[in-house]
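J.: Here's the letter readout for the chains.
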Amino acid sequence: MVSGILAVWEKEIKSYLLSPLAYVLMSVFLLLGGYFFSVILLSTRVASMGGYFGNAATILVFLIPILTMRLFAEEDQRGTSELLYTLPVSIYQIVLGKYLAASTVLGLMLAATVPYPVILIATAEPDVGPILTSYLGLFLLGGSFLAAGCLTSSLTKSQMVAAVSGYGLLLFMWILDWLSSAIPGTAGDLARAVSPFSHYRDFLKGILEPNDLLFFGSLIAGFLGLTVANVELRTWA
Amino acid sequence: MIELKGVTKVYGNRVGIHNITLTVNRGEIVGLLGTNGAGKTTTMRIIAGYMPPTSGEVRVAGFDVLKEPREVKRRVGYLPEIPPVYPDMTVRTFLEFVAKMKSVPRARQRTVVSETIERVGLSEVADRLIGNLSRGYRQRVGIAQAILAEPDVLILDEPMTGLDPKQIVEIRQLIQNLARNRTVLFSSHILLEVTVLCDRVAIINRGRLVAQGTPAELSRLLRGRRRLHLEVDGVQDKVVAALKAVPGVAGVEVRGGRGSIHNYVVESGDEDVRRAVFRALAAIDAPLLRMEQEAVTLEKVFLELVARDSLSGVG
Chain A
1 MVSGILAVWE KEIKSYLLSP LAYVLMSVFL LLGGYFFSVI LLSTRVASMG GYFGNAATIL
61 VFLIPILTMR LFAEEDQRGT SELLYTLPVS IYQIVLGKYL AASTVLGLML AATVPYPVIL
121 IATAEPDVGP ILTSYLGLFL LGGSFLAAGC LTSSLTKSQM VAAVSGYGLL LFMWILDWLS
181 SAIPGTAGDL ARAVSPFSHY RDFLKGILEP NDLLFFGSLI AGFLGLTVAN VELRTWA
Chain B
238 MIELKGVTKV YGNRVGIHNI TLTVNRGEIV GLLGTNGAGK TTTMRIIAGY MPPTSGEVRV
298 AGFDVLKEPR EVKRRVGYLP EIPPVYPDMT VRTFLEFVAK MKSVPRARQR TVVSETIERV
358 GLSEVADRLI GNLSRGYRQR VGIAQAILAE PDVLILDEPM TGLDPKQIVE IRQLIQNLAR
418 NRTVLFSSHI LLEVTVLCDR VAIINRGRLV AQGTPAELSR LLRGRRRLHL EVDGVQDKVV
478 AALKAVPGVA GVEVRGGRGS IHNYVVESGD EDVRRAVFRA LAAIDAPLLR MEQEAVTLEK
538 VFLELVARDS LSGVG
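These protein sequence lines are chains A and B, in that order. The opening residue of the first sequence carries number 1 in our numbering; numbering runs sequentially from there. The opening residue of the second sequence carries number 238 in our numbering; numbering runs sequentially from there.
Any given hint might turn out to be false.
Said to hold, decoys possible - Derived list of chain A stretches under chain B, where covered just means 3 residues or more per stretch with a C-beta under 8 Å from a C-beta of chain B:
no., region
1, 13 to 24
2, 85 to 96
What the hints assert, rightly or not - Computed from the model, here is a short list of chain B residues facing chain A with C-beta under 8 Å:
no., residue
3, K310
4, Y315
5, I319
6, K337
7, S340
8, G399
9, P402
10, K403
11, R464
12, F515
13, A520
Quick caveat, the hints were computed from the structure, so don't treat them as lab data. Cβ coordinates follow ideal geometry from the N, Cα and C atoms, glycine included.
Kindly produce the complete structure, drawing on both the sequences and the hints.
T.: Laid out in structure tokens, this is it:
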């Protein structure tokens, strides 16, 4: 069971780390994030990372579809899916292996920002709690984006189509957040309830609520489940 | 080992294969022969578990591909038509990946991979990126992943494409060695491959199984139609008349010549008319310079069967 997931994870992580793409994405993330972190810090002179985490989420919306577009579309494009799906490993193991590899890259990206809180702690006395929950929140938010990207990549042979439809999905989630503040009443509440960004905001405040964890958990599981179903349908239809 | 019962695959409104019934026994090498687009790849994809049949039953080693795909995949080594290789991996890392996916025990992975590399002659390029290899090497990497971990059943879709003549001989020997206690189903549109390698041949045309049997059995199908090629010195009309008068001769055709010497093609039924032809020509004093009975090759059987089937299909 686990060995199949591990074999796929290893193949994908090697593929990520041997191609320039992951490094370019990481550099863009750090460059933009570093800009936001330093500008916000210098202008507000408050030892908090709230502003940074708000902007980092937006940056991820634009980077994640590029990270995930190749996961399944490339296999179809190269004809390697015919090998992958006839090896004695279940589709869900393949999907999980690929998802975990992309999550690992996301984890590395977030790990590379650790100097920011270190600087704050060294020079001032920031509230460490919200910083830790924000990291968890950003990882979960990014993780949901990755799962959505997996789904769109499994829908097509073209990496371009996978990326663009990934953007569509993520921007829709973003719009949900605007709607929740723009529309009054039940519709607005509903939009708030299903918007990943409004759940993410709880983490920024330093709140660790079970329903937020459950929300992201089920969002990720839902997208991955759809991906498994889609791959199975495509081969078994 | 492999059993197909009434297998049909429909793509949208196009029929891929229709009602194919075929059995391949343990230790047997069976060749699927057909023109491009005849349905060979569809048949093999279904057996390998890449896609399900629309209807019919497929069993490998007694396991149904629809109900127990894992059990089937565990026993099958599959080489797809396009060698499924990752250009950004080296030959060794790719095969190690396949070994892990095939659940080769960790301790044995390295040895299994090295042995396989040795077996298909990839030692020189084992640590190069697959993307930088030639077509022939990539094809061999594809064969390597299929035979890795010694599966009971090998499904090879056009295994010889892209190989040079020396490699073809090597791979042919490899397949023959592997087949000793295994089951091999491979496809080709090249007849020579099939005759040299196979115990049995199944001919597919336009998604239907047109004929199956040993190469000899298939040749026998077309008996009852013999063809003699003659070279005769004599007046053309007289020779034709004399040949037509021979009992058993169905048709005579003149195929050029020079001066009084002409070439003739004599078609006859099942009986051997060579002696009678010789006597008939001697009787009209037309010397027989050459006589040859056409050998019915598998290639002719194939073309005839395909042609017959296509004609009846139109009607």
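J.: Do the numbers back the hint for P402(B), that is, is its least Cβ distance to chain A under 8 Å?
T.: violated (26 Å)
J.: Under 8 Å, Cβ to Cβ, is where Y315(B) needs to be relative to chain A, so tell me if that hint holds or is violated.
T.: holds (5 Å)
J.: Do three or more residues from the region 13 to 24 of chain A put their C-beta atoms closer than 8 Å to C-beta atoms of chain B?
T.: holds (count 4)
J.: Are there at least three residues in the region 85 to 96 of chain A whose beta carbon sits under 8 Å from a beta carbon of chain B?
T.: holds (count 6)
J.: Does I319(B) pass the interface check with chain A, least Cβ-Cβ distance below 8 Å?
T.: Where the cut-off is 8 Å and the nearest Cβ of chain A is about 4 Å from I319(B), the hint holds.
J.: Against chain A, with CB atoms and a cut of 8 Å, does the hint on S340(B) hold up?
T.: Holds, about 6 Å.
J.: Would you check whether K337(B) satisfies its interface hint, that is, whether its CB is within less than 8 Å of any CB in chain A?
T.: holds (4 Å)
J.: A closest beta-carbon separation below 8 Å is what the hint needs, so does K403(B) meet it against chain A?
T.: violated (26 Å)
J.: Any CB of chain A closer than 8 Å to the CB of R464(B)?
T.: Nearest chain A Cβ about 44 Å off; hint violated.
J.: Please check whether G399(B) passes as an interface residue: C-beta within 8 Å of a C-beta belonging to chain A.
T.: Interface hint status for G399(B): violated (14 Å vs cutoff 8 Å).
J.: Please verify that hint: A520(B), Cβ, nearest Cβ of chain A, below 8 Å or not.
T.: Not OK, violated: A520(B) not within 8 Å of chain A, min 66 Å.
J.: Using Cβ atoms only, decide whether K310(B) comes closer than 8 Å to chain A, and label the hint accordingly.
T.: holds (4 Å)
Checked against the numbered hints above, the structure breaks hints 8, 9, 10, 11, 12 and 13 and satisfies the rest.
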